[in-house]
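Enquirer: Given the structure of chain A, go ahead and fit chain B onto it with the hints provided.
Protein chains: 2
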Amino acid sequence: MNLILLHPSDLDQQGYARISDPRRLAHLRDIHRATPGSRLTVGVQDGSMGKAQLIELTREQAVFALDSLTDVAPPALPVHLVLALPRPRMLARTLEHVTALGVKEITLLHTKRVEKSYWQSPELLPEKIQQHLILGLEQARDTQLPNVILSKGFRPFIEEQLPDLLREHRGLVAHPGMPMACPRGISEKILLLVGPEGGFIPWEVEKLLEVGCEGMHLGPRILRVETAVTALLARLF
Amino acid sequence: MNLILLHPSDLDQQGYARISDPRRLAHLRDIHRATPGSRLTVGVQDGSMGKAQLIELTREQAVFALDSLTDVAPPALPVHLVLALPRPRMLARTLEHVTALGVKEITLLHTKRVEKSYWQSPELLPEKIQQHLILGLEQARDTQLPNVILSKGFRPFIEEQLPDLLREHRGLVAHPGMPMACPRGISEKILLLVGPEGGFIPWEVEKLLEVGCEGMHLGPRILRVETAVTALLARLF
Numbered sequence: 000m001n002l003i004l005l006h007p008s009d010l011d012q013q014g015y016a017r018i019s020d021p022r023r024l025a026h027l028r029d030i031h032r033a034t035p036g037s038r039l040t041v042g043v044q045d046g047s048m049g050k051a052q053l054i055e056l057t058r059e060q061a062v063f064a065l066d067s068l069t070d071v072a073p074p075a076l077p078v079h080l081v082l083a084l085p086r087p088r089m090l091a092r093t094l095e096h097v098t099a100l101g102v103k104e105i106t107l108l109h110t111k112r113v114e115k116s117y118w119q120s121p122e123l124l125p126e127k128i129q130q131h132l133i134l135g136l137e138q139a140r141d142t143q144l145p146n147v148i149l150s151k152g153f154r155p156f157i158e159e160q161l162p163d164l165l166r167e168h169r170g171l172v173a174h175p176g177m178p179m180a181c182p183r184g185i186s187e188k189i190l191l192l193v194g195p196e197g198g199f200i201p202w203e204v205e206k207l208l209e210v211g212c213e214g215m216h217l218g219p220r221i222l223r224v225e226t227a228v229t230a231l232l233a234r235l236f
Numbered sequence: 000m001n002l003i004l005l006h007p008s009d010l011d012q013q014g015y016a017r018i019s020d021p022r023r024l025a026h027l028r029d030i031h032r033a034t035p036g037s038r039l040t041v042g043v044q045d046g047s048m049g050k051a052q053l054i055e056l057t058r059e060q061a062v063f064a065l066d067s068l069t070d071v072a073p074p075a076l077p078v079h080l081v082l083a084l085p086r087p088r089m090l091a092r093t094l095e096h097v098t099a100l101g102v103k104e105i106t107l108l109h110t111k112r113v114e115k116s117y118w119q120s121p122e123l124l125p126e127k128i129q130q131h132l133i134l135g136l137e138q139a140r141d142t143q144l145p146n147v148i149l150s151k152g153f154r155p156f157i158e159e160q161l162p163d164l165l166r167e168h169r170g171l172v173a174h175p176g177m178p179m180a181c182p183r184g185i186s187e188k189i190l191l192l193v194g195p196e197g198g199f200i201p202w203e204v205e206k207l208l209e210v211g212c213e214g215m216h217l218g219p220r221i222l223r224v225e226t227a228v229t230a231l232l233a234r235l236f
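Protein chains in written order, with numbering that gives the first Met the number 0: chain A, 0 to 236; chain B, 0 to 236.
Hints are computed from structural coordinates only; laboratory data are not their basis.
One thing to keep in mind: the hints can contain errors.
Each pair may be met inside one copy or between any two copies, as identical chains are not told apart.
Unchecked claim - Quick list of in silico lysine to any residue cross-link-like pairs, SDA-like style, CA-CA up to 20 Å:
#1 K50 / P219
#2 K206 / F156
#3 K188 / H168
#4 K103 / L124
#5 K111 / H31
#6 K151 / W202
Next up, chain A with everything else stripped away, as it sits in the complex (with noise of 0.2 Å):
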């Protein structure tokens, strides 16, 4: 937790903030052993980040008085991520690897591959995926909680948004065996499709590219979805 990260409902008008969930209180006490006076970084969902004066802390509460918050959150990757379900846990780690890279727009798509189960997942209930969300701004110091949509069928996902999403966006499908390699260090809008473990089908792959889509691949090494997503991101901005 690089940043405490206030719910605009943790301020009141006189310019302190208190916070009383045993997560972010326990983080204060034993991870920043922080005591009255500490000073530390804090910033308001999707508003701005600054310092702030720990005032008191105990079991219940933390009270913080806020220097005026004037430091922009930094700036976004120019990309929607469209990411085939992981499982359960490796969705957990990819939502917090991502939103600390800047990811702001995600969408989780059903493929083939992807096992009907993890739809029940109680890992995708808007509240968890929040908390692996807020995970990612607190450590990355970031205050633009992304939107994340679900998107249960490939098909009117292919048909109904990913022609409008294109109109913005270049579409590119991370997939193995594609002749071009993953471009390096661009700026434009980015549509970046990743598969799921085992990869998209032969027909999905088609399918993508008939609607405007490009085929890259990343090298001859089958990566772990978590360790594929970092990697794109990290080459593509």
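Expert: For chain B alone, coordinates are given in the frame of chain A:
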């Protein structure tokens, strides 16, 4: 496990391989759902790769008939990774990520902000380290086991080992706030130094630069070690 990694002692002279450890047997059964007749990708540790046919699978052992194994392992990254020892769980995952990405030389280094207790972790036992390296190789379809060195003193490393390493490598220290951005797509041999959570202390950075390393940054975001290392490797090579 995209590759069944065989130890040379698993092989006999007649072109058969036998494995009997519960981990690989369970994986064959539950993940691959392999049955006699299944053809699977295999590789011999530090050797070549190819296909094998499963001819027997019981609770006690699996027996394979090997094709002539003529595929070579994918190329290694031209990097020696010097990583401040992360906390044990992060170490485990980071070893798997970097092995999958093709790192073959890894030094785990003590620095000021590494908690001393981490050096007592059972995760540092050679057999535990090897387990994570093997998981990384099996994931990426590689056979070449990385070499892991433990370097428990920062000053001896700087004074006794670093000068020799820098004769053959370009030294790059990842550190926030350095003026140079992490280079992209290079082919030189790199010595990549990555600090602990919280970073190198200023004195350590100064020493590393004095000996001839270059500082570089990866942008304004603070990343977890495992995310940062993957991002650095993907961007450098």
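Enquirer: Against this structure, judge whether each hint is valid.
Expert: Status of the hints after comparison with the structure:
Taking the shortest alpha-carbon separations for K50 and P219, only the inter-copy value of 17 Å comes in at or below 20 Å, while the best intra-copy value is 46 Å. Proximity of K206 to F156 under the C-alpha cut-off of 20 Å is restricted to the intra-copy arrangement: shortest distance 11 Å within a copy versus 53 Å between copies. In this assembly of identical chains, K188 and H168 lie within 20 Å of each other by CA distance solely inside one copy; the values are 5 Å within and 36 Å between copies. Proximity of K103 and L124 under a CA criterion of 20 Å is satisfied intra-copy only: 18 Å inside one chain copy versus 40 Å between copies.
Taking the shortest alpha-carbon separations for K111 and H31, only the inter-copy value of 17 Å comes in at or below 20 Å, while the best intra-copy value is 45 Å. Only within a single protomer do K151 and W202 lie at most 20 Å apart by alpha-carbon distance; the minimum there is 17 Å, versus 52 Å between protomers.
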